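Asks: So the protein sequences, as listed, match chains A and B.
Read in this note's numbering, the first sequence has 61 at position 61, and its numbers run on one by one without any break.
Read in this note's numbering, the second sequence has 374 at position 374, and its numbers run on one by one without any break.
Since the hints were made in silico from the structure, they are not lab data.
Please read all numbers here as calculations on a predicted model, not as lab measurements.
Worth double-checking, as some hints may not be accurate.
[Claimed, not checked] Partial list, computed: chain B residues near chain A (C-beta under 7 angstroms): (1) H3; (2) I7; (3) R310; (4) G315; (5) V391; (6) N392; (7) K395; (8) R398.
[Stated by the list, open to error] Capping the alpha-carbon separation at 30 angstroms, the derived lysine-lysine pairs in DSSO-like fashion look like this: (9) K78/A to K2/B; (10) K85/A to K239/B; (11) K78/A to K10/B; (12) K313/B to K43/B; (13) K395/B to K86/A; (14) K395/B to K10/B; (15) K61/B to K86/A; (16) K85/A to K395/B; (17) K7/A to K313/B; (18) K61/B to K313/B; (19) K43/B to K59/A; (20) K85/A to K253/B.
All C-beta atoms, glycine included, are put in the ideal place defined by N, C-alpha and C.
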Amino acid sequence: MTIRLEKLIPIPLLEQGTSGSGVWDQEAIQFERGKHYLVEAPSGKGKTTLLSILYGLRKDYQGWVFLDQQDVTSFGWKRWSILRKKHFSFIFQGLELFDSLTARENIELKNAITGHHSSSQIEEMAGELGIKPFLDRKAGILSFGQQQRVAILRAMCQPFDFLFADECFSHIDSHNREIAFDLLQRECRRQGAGMILTSLNNMENLQTDVRLRL
Amino acid sequence: MKHLYRILWKDHSRTHLLWAFLGTMAGFVLLLAGIQFYSDLKKILSENRDLLDPEYIVVNKKVNIGQTFGLDRPGFTVEEIEEIRAQPFADRVAPFVSNAFPVSGYTENERFPDFYTELFFEAIPDEYIDVKSEDWKWNPEEGIIPIIIPQDYLNLYNFGFAPSQGLPQVPKGVISMINFRIRLQGQGRGNYDDYSGRIVGFSNRVHSILVPLNFLEWANDKYGYFKESMPSKIILVSKDPTDPAIIRYLDEKGYDTIREKLKSSRMNIILKFVISFLVVVATIIIGLSFLVFLLSLQLMISRSADKIRRLNKLGFHYREISGPYMVLLMILLAGVAGFSLLITSLLTKKFAAMASEWNLEISPSLHGIIFGIGLGLIFLIAVFNMVAILVNTRKLCR
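When you get a sec, could you build the whole thing from the sequences and use the hints?
Replies: Pasting the structure below:
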């Protein structure tokens with residue numbers, strides 16, 4: 001599976017201008033399965049917008065996004081639903097956890113759709129991320145850093161061809177960040193998936209195949 | 001999936017849904033009970049028509065001052081009769097035929113005082129007459145004219161005239177034995193014939209002096225010389241005398257009839273009015289509670305808007321997100337259907353027991369149509385709400 005962008009500019013960035021960007025308004029940018037990308041930019045350059053467009057949440061753009069040569073604007077509800085369940089996983093900057101559910105229930109909600117991991121596998125990963133003691137607490141009362149790791153774990157609980165991670169380490173200390181990044185990379189490799197990671201400028205010392213400046 | 005239900009059901013407002021539930025149920029009970037009782041009472045009313053004998057309705061034009069002075073033409077024209085015949089409530093229609101020559105009657109019997117009177121005859125086809133008698137036939141060779149008079153005439157004589165004049169009362173059987181002489185007067189002096197007349201029956205239906213139709217046609221042919229007059233009365237047979245359209249039509253045309261006979265028609269109008277009032281109220285209640293249903297579900301959905309968007313981001317199709325709302329709707333509507341049918345059937349049982357004390361027969365169990373109407377309405381409400389749920393959740397999804 002490949003994602004190809006042609007002359008892509010989000011409408012809100014039209015006025016602002018996109019000169020110097022390595023992604024916006026380019027003839028062709030291609031994301032491929034199995035490769036890991038890091039998209040860097042300071043705030044307000046459209047990192048979240050880029051991932052939202054790829055994930056079908058935003059349609060306010062000029063240019064084209066092709067998924068395996070198919071224009072994504074032709075995709076309907078069902079297609080997007082299937083893509084998000086089985087082909088695209090997303091770690092949202094805003095996490096999108098349900099406060100009233102426990103951490104475990106939040107993870108199960110996603111895992112139950114495809115039954116991707118067994119509960120022991122989930123516990124094992126939670127152990128690596130250092131959130132196992134908090135699994136049965138309501139997500140709403142966890143710290144943001146803990147919540148971030150729950151969201152990371154949840155994103156790995158489905159099959160995917162691409163993982164979109166939107167500044168997903170912002171509130172995690174460097175030690176835990178390396179563990180989490182390592183876990184993500186391992187899962188991506190296991191699934192042969194691509195990863196598109198966004199980050200503020202050089203904030204994180206992360207090893208990826210391709211670095212893009214937005 | 002259980003987490004999905006937990007997330008989305010959390011935001012419901014118990015009081016809203018409870019009121020919607022109770023309101024819809026009250027509306028349903030009112031509507032279903034109304035229809036149930038209406039069909040029972042309607043049946044009772046139409047059974048009572050034998051008692052009131054309104055199946056045969058004699059219609060005449062209202063007498064106005066113009067007719068008194070001969071300016072207005074009394075009687076029904078052919079077109080008017082045809083128009084009545086064409087009415088949906090009119091099953092059969094026949095005009096009254098009158099004598100077109102002078103008729104008089106007198107007695108020739110020692111046991112009775114001499115009696116002479118000028119008469120009139122009218123005739124309608126036999127099928128409209130409520131008296132069945134073997135003597136009700138005309139044969140020119142025998143020359144006996146059978147006559148049917150209203151029961152009321154006999155009563156007037158026996159209980160009014162006879163006691164006040166010191167005359168003997170006569171039972172029906174004796175009257176039938178009295179031979180009258182009937183004189184039919186043709187045009188010109190001396191052009192008359194006398195026949196025997198016999199009263200063969202008393203009618204409760206037709207207030208007139210009736211003779212067989214074939215006799216009157218024969219006699220009109222032989223003696224008649226009056227200008228051909230239009231029938232002043234017609235008799236109509238209605239399958240459903242409780243049909244309020246009859247009274248409406250007669251009023252509109254300025255025709256008259258014995259109103260008593262259309263009593264059940266009047267009662268039917270009142271009943272219809274009461275029931276339609278009930279149905280209107282029930283419909284308003286159902287409409288309002290349907291709105292409360294719709295709004296409660298919409299409120300629930302908009303309260304959960306963030307969660308729905310979140311679920312959508314996680315890959316849930318809007319149809320999957322609608323699921324918990326649909327299930328909730330189904331549970332509530334199944335409750336409404338079940339409870340309202342139960343309450344209505346209990347009411348019906350109670351009402352039937354009460355009615356049997358008044359000698360009214362009312363079905364103690366629900367009519368099939370009630371289930372049909374109840375479930376049909378529930379189905380409509382369900383479909384409408386389901387569409388609304390889908391539209392509302394879809395609006396929140398990308």
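Asks: All hints are to be evaluated individually against the structure, with a verdict given for each.
Replies: Hint check:
1. With a cut of 7 angstroms, the hint placing H3/B at the interface with chain A holds, because the nearest CB-to-CB distance is about 5 angstroms.
2. At its closest, the beta carbon of I7/B sits 6 angstroms from a beta carbon of chain A; the interface hint therefore holds under the 7 angstroms criterion.
3. The interface hint given for R310/B holds, since its Cβ lies 5 angstroms from the closest Cβ of chain A, which is under the 7 angstroms cut-off.
4. Hint status for G315/B: holds, given a least beta-carbon distance of 3 angstroms to chain A, under 7 angstroms.
5. Given the 7 angstroms rule on beta carbons, the hint for V391/B is violated: about 13 angstroms separates it from the nearest Cβ of chain A.
6. For the restraint placing N392/B at the interface with chain A, the shortest Cβ-Cβ distance is roughly 15 angstroms, beyond the 7 angstroms limit, so the hint is violated.
7. At its closest, the beta carbon of K395/B sits 12 angstroms from a beta carbon of chain A; the interface hint therefore is violated under the 7 angstroms criterion.
8. Nearest Cβ of chain A to the Cβ of R398/B: about 5 angstroms, under the 7 angstroms cut. The hint holds.
9. Only pairs whose Cα atoms come within 30 angstroms are accepted, and K78/A paired with K2/B is accepted, the gap being roughly 22 angstroms.
10. Using a Cα cut-off of 30 angstroms, the hinted pair K85/A and K239/B is violated, with the two alpha carbons roughly 68 angstroms apart.
11. In summary, the hint linking K78/A to K10/B is supported, as the alpha carbons are separated by about 26 angstroms, within the 30 angstroms threshold.
12. This hinted pair does not check out: K313/B and K43/B have alpha carbons roughly 61 angstroms apart, beyond 30 angstroms.
13. At most 30 angstroms may separate the alpha-carbon atoms for a hinted pair to count; K395/B and K86/A meet this at roughly 23 angstroms.
14. For the given pair, K395/B sits about 20 angstroms from K10/B by alpha-carbon distance, which is consistent with the 30 angstroms threshold.
15. For the hint linking K61/B to K86/A, the alpha-carbon distance of about 86 angstroms lies beyond 30 angstroms, and the restraint is violated.
16. Distance restraint check for K85/A and K395/B: the Cα-Cα separation of roughly 20 angstroms lies within the 30 angstroms cut-off, and the hinted pair is therefore satisfied.
17. Distance restraint check for K7/A and K313/B: the Cα-Cα separation of roughly 26 angstroms lies within the 30 angstroms cut-off, and the hinted pair is therefore satisfied.
18. A C-alpha spacing of about 80 angstroms is found between K61/B and K313/B, which places the hinted pair above 30 angstroms, so the restraint is violated.
19. Taking the CA atoms of K43/B and K59/A, the gap is about 65 angstroms. The hint is violated against a cut of 30 angstroms.
20. Between K85/A and K253/B the CA atoms are separated by roughly 75 angstroms; this puts the pair beyond 30 angstroms, and the hint is violated.
Checked against the numbered hints given earlier, this structure breaks hints 5, 6, 7, 10, 12, 15, 18, 19, 20; the rest are met.
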